[in-house]
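Go ahead and model the full structure; you've got the sequences and the hints to work with.
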Amino acid sequence: MRAIKKGVEPKLFTNWKALANDDWIPTYSDLSGNEKKAVKDALIKEQGGICCYCERRLVETDSHIEHCKPQESDDVDPLDFSNMICSCLNNIKKGAPSHCGDLKGNWYDDQLFVSPLNPDCEGRFSFGANGSIDPTNPSDRAANETITRLGLGIPKFNALREKALEPFLDEDLSPDDLAGFVSGYLARGEDGTLSEFVSAVESVFSEWVAA
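Numbering-wise, the sequence shown is residues 46 to 256 according to my numbering.
Just so you know, nobody snuck in bad clues.
In the DSSO-like style, the derived pairs of lysine-lysine whose C-alpha atoms are separated by at most 27 Å in a straight line are:
#: 1; residue 1: Lys201; residue 2: Lys90
#: 2; residue 1: Lys114; residue 2: Lys51
#: 3; residue 1: Lys90; residue 2: Lys114
#: 4; residue 1: Lys62; residue 2: Lys81
Bear in mind the hints are in silico, worked out from the structure with no lab data behind them.
Following this line, the structure appears as structure tokens:
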């Protein structure tokens, strides 16, 4: 999980909300078309193109706008851009496991949910070379609960993370080559994108991050 630094909402979205009048108050269910696309595109961009929870590459046709704190909560404005993030998974194939925003659903516990909007979220999870994920601190109840609620430890993700880590375990890589490989992988691309499962690479090869 990477910490997400929220930006300014799209102007198209702001202008749409400003159309509110005595006869029409905009709701989240009204959000569609170009305005909704502008919001989703902005979310994907500020997240570096990866899922807010699992860090899988986001695909337009299989992702959705997620409200970090459920929009059904009494104290939440469903159109508050600062509470919006983008999660993978929009269409689950029969028999496939649910995870991320789809599995989280309307669950939210301020004491037990590690939010990607929290700057310290990145240090709450650690990864193994086999793709496993665990709380950095074994007694961190919130990290444990978040892993369970988002399905971050399901076999699917363990396998995907292990595959992402494999190239870095090549015994033919010199220390300098490995350090450069890790550094390049962790950096955002020129277009602002992040690599998939970047936190797993950073965690497993932490000794090379500052090399």
